[in-house]
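A.B. asks: The task is simple: from the sequences and hints, build the whole structure.
Protein chains in written order, with this note's numbering: chain A, 1 to 218; chain B, 1 to 328.
What the hints contain is simulated information worked out from the structure, not anything from laboratory work. Treat the hints with care, as some may be off.
To be verified - Cβ-Cβ distance ranges computed for the label pairs, FRET-style:
| no. | chain 1 | residue 1 | chain 2 | residue 2 | range |
| --- | --- | --- | --- | --- | --- |
| 1 | A | 11 | B | 304 | 30 to 38 Å |
| 2 | B | 320 | A | 12 | 51 to 59 Å |
| 3 | A | 115 | B | 32 | 18 to 26 Å |
Unchecked claim - Some chain A residues close to chain B (C-beta under 7 Å, calculated; not the full set):
| no. | residue |
| --- | --- |
| 4 | 50 |
| 5 | 51 |
| 6 | 106 |
From a predicted model like this one, the values you see are computed outputs, not experimental measurements. The C-beta atom is built at its ideal place from N, Cα and C for all residues, glycine as well.
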Amino acid sequence: MIEFDNVSLRYPNGFEALSQVDLRLARGEMAFLTGHSGAGKSSLLKLIMLMERPSQGQLRVNGQNLNRMPARKIPFHRRKIGVIHQNHQLLFDRTAFDNVALPLLIAGYERDAIGRRVRAALAKVGLLEKEKFNPIQLSSGEQQRVGIARAIVNKPQLLLADEPTGNLDPRLSAEIMGLFHQFNQVGVTVLVASHDLALISRLPHRVITLQKGRVHHG
Amino acid sequence: MAEPTVKRPAPQGASSQRVSWQDRGRSYLHHHRQVAAESLRRLRTAPLNSLMTLLVMAIALSLPGLLYVGLSNAQSLSHQWQGEGQISLYLQPGLDSAAGEDLAQQLRANAQVETLSYLSPDDALAEFQQFSGFGEALDQLQANPLPAVILVTPSPEYRRQPALEQLRQLLGSVDGVAEAQSDQAWVARLNQIIALGERITGLLAVLLATAVVLVVGNTIRLEIENRREEILVVKLVGGTDAFVRRPFLYSGFCYGLFSGVLAWGLILAGLWLLSEPVGALVSLYEGSFAPAGFGPLPGLVLVFISALMGVLGAWIAVVRHLHAIEPR
Numbered sequence: 001m002i003e004f005d006n007v008s009l010r011y012p013n014g015f016e017a018l019s020q021v022d023l024r025l026a027r028g029e030m031a032f033l034t035g036h037s038g039a040g041k042s043s044l045l046k047l048i049m050l051m052e053r054p055s056q057g058q059l060r061v062n063g064q065n066l067n068r069m070p071a072r073k074i075p076f077h078r079r080k081i082g083v084i085h086q087n088h089q090l091l092f093d094r095t096a097f098d099n100v101a102l103p104l105l106i107a108g109y110e111r112d113a114i115g116r117r118v119r120a121a122l123a124k125v126g127l128l129e130k131e132k133f134n135p136i137q138l139s140s141g142e143q144q145r146v147g148i149a150r151a152i153v154n155k156p157q158l159l160l161a162d163e164p165t166g167n168l169d170p171r172l173s174a175e176i177m178g179l180f181h182q183f184n185q186v187g188v189t190v191l192v193a194s195h196d197l198a199l200i201s202r203l204p205h206r207v208i209t210l211q212k213g214r215v216h217h218g
Numbered sequence: 001m002a003e004p005t006v007k008r009p010a011p012q013g014a015s016s017q018r019v020s021w022q023d024r025g026r027s028y029l030h031h032h033r034q035v036a037a038e039s040l041r042r043l044r045t046a047p048l049n050s051l052m053t054l055l056v057m058a059i060a061l062s063l064p065g066l067l068y069v070g071l072s073n074a075q076s077l078s079h080q081w082q083g084e085g086q087i088s089l090y091l092q093p094g095l096d097s098a099a100g101e102d103l104a105q106q107l108r109a110n111a112q113v114e115t116l117s118y119l120s121p122d123d124a125l126a127e128f129q130q131f132s133g134f135g136e137a138l139d140q141l142q143a144n145p146l147p148a149v150i151l152v153t154p155s156p157e158y159r160r161q162p163a164l165e166q167l168r169q170l171l172g173s174v175d176g177v178a179e180a181q182s183d184q185a186w187v188a189r190l191n192q193i194i195a196l197g198e199r200i201t202g203l204l205a206v207l208l209a210t211a212v213v214l215v216v217g218n219t220i221r222l223e224i225e226n227r228r229e230e231i232l233v234v235k236l237v238g239g240t241d242a243f244v245r246r247p248f249l250y251s252g253f254c255y256g257l258f259s260g261v262l263a264w265g266l267i268l269a270g271l272w273l274l275s276e277p278v279g280a281l282v283s284l285y286e287g288s289f290a291p292a293g294f295g296p297l298p299g300l301v302l303v304f305i306s307a308l309m310g311v312l313g314a315w316i317a318v319v320r321h322l323h324a325i326e327p328r
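C.D. replies: Below you can see the structure in the form of structure tokens.
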């Protein structure tokens, strides 16, 4: 599903966020990406979403070479990936329902289909009764779950999460990780960047460790 | 019996992200409607700001509109005058009344002249006193300074240029005539002034349309700045540039449309305010001239152009500022 071949990412200021990364994630696999802050976890996820382009090396996602993908195809690439951000990136000028509906609206779903899918996604994260709430009225754990619902509403084959449990207490963190585990059980490829080693070690998935932009072992 | 074959899409894992073209088209239209309603709602959320922007645009648009109405009236006036083609013959000051009448009699026999009237210096003075408003000043004069005048209306084939000019020169060379003037010289001058006015109106229209584009551009730039977060999230979840652009283009369209309608209203109000003095002026000239207003066609053209300027301004703002907002 994800293939990094000798990929480096150098920012315009000269900082090398990733150096010669080789990494494979099989279809249907779930893995954790860990390392200190600044080790390159976010940069690696940004490359997969084409928020950055590799300075060197080959990157393939779902069989497509991202090096050669023209800018106008990037939106369609992103629609196939569900992404959960640490700060959840929700819009506070609309309800939880409308936040989750956004990817479907963009993809051009019909209104009835949008309603069905959004409610299914909200039910999956246990927030069905709060669809009319503004995210500002929700707790940070609930906000994060709205973010997850938005990431899965389009039924992506690949789910990326960047520190999804960053601001949550251990119980909520375990719940969220449990959700990712469930998605993986139905065939979704999942890559979770996290530094919560205690939580990660309790789950039966591969751990990829980044150190100063290099893959340490994995 | 053969099983009916069912076309299955290639296996896509857990995915079912295929959306039919029919659904996509319906959803596209639905989104357009939604975005249009949304941009109206946005206009209403800050009514005072929106109104001020609309007023600035409407005032800029109404100015060339009013000038256009003034010009088209001046044009139709000059067309009316063009038809007359009269020639005034100013007789030499020394000529007495009898000689003047005699000359008039001679000219009347001419085939090129249809009608003719003779005004003695006294007649001319009386007429001048009545219509010029200088009556009292003229009373102060010892002698009548005005010459006798013969007003010639040429026969129809001599009422147009260049025959009219030839006739004028011919009449000017007649003994006893000091000067022959055609009112067409006046009309020509008026036409030149109107042409100049048209050029100025055109220039002003272009400048003010540019101002409208810039006002919309600036308003949309602020709107883009205000919705930065939303744009970032939409791009993150796979919104195309067209999807991101759409609400702003609709906003620009709304600004253009409403300011055009408002400008139309301003022009009509301006004409209504002017109608009384204009009516008084027209009645002074005893003319049957009915001033033209601002009809539905120019009004619709104004609204169309202004909507176009709105979209153009929004487009410029979007092209300039949207690319700077990329998720990092």
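A.B. asks: Each hint should be assessed against the structure and marked as holding or not.
C.D. replies: Structure-based check of all given hints:
1. Taking the beta carbon of each, residue 11 (chain A) and residue 304 (chain B) are about 49 Å apart, not inside 30 to 38 Å as hinted.
2. For the hinted restraint 51 to 59 Å between residue 320 (chain B) and residue 12 (chain A), the CB-CB distance of approximately 22 Å leaves it violated.
3. Taking 18 to 26 Å as the suggested C-beta distance range, the pair residue 115 (chain A) and residue 32 (chain B) conforms, at roughly 19 Å.
4. A least Cβ separation of about 10 Å between residue 50 (chain A) and chain B goes past the 7 Å threshold, and the interface hint is therefore violated.
5. Contact between residue 51 (chain A) and chain B, as hinted, is supported at the beta carbon level, the nearest pair being about 5 Å apart and thus within 7 Å.
6. With 7 Å as the threshold, the beta carbon of residue 106 (chain A) comes within range of chain B, its nearest partner Cβ sitting at about 5 Å, so the hint holds.
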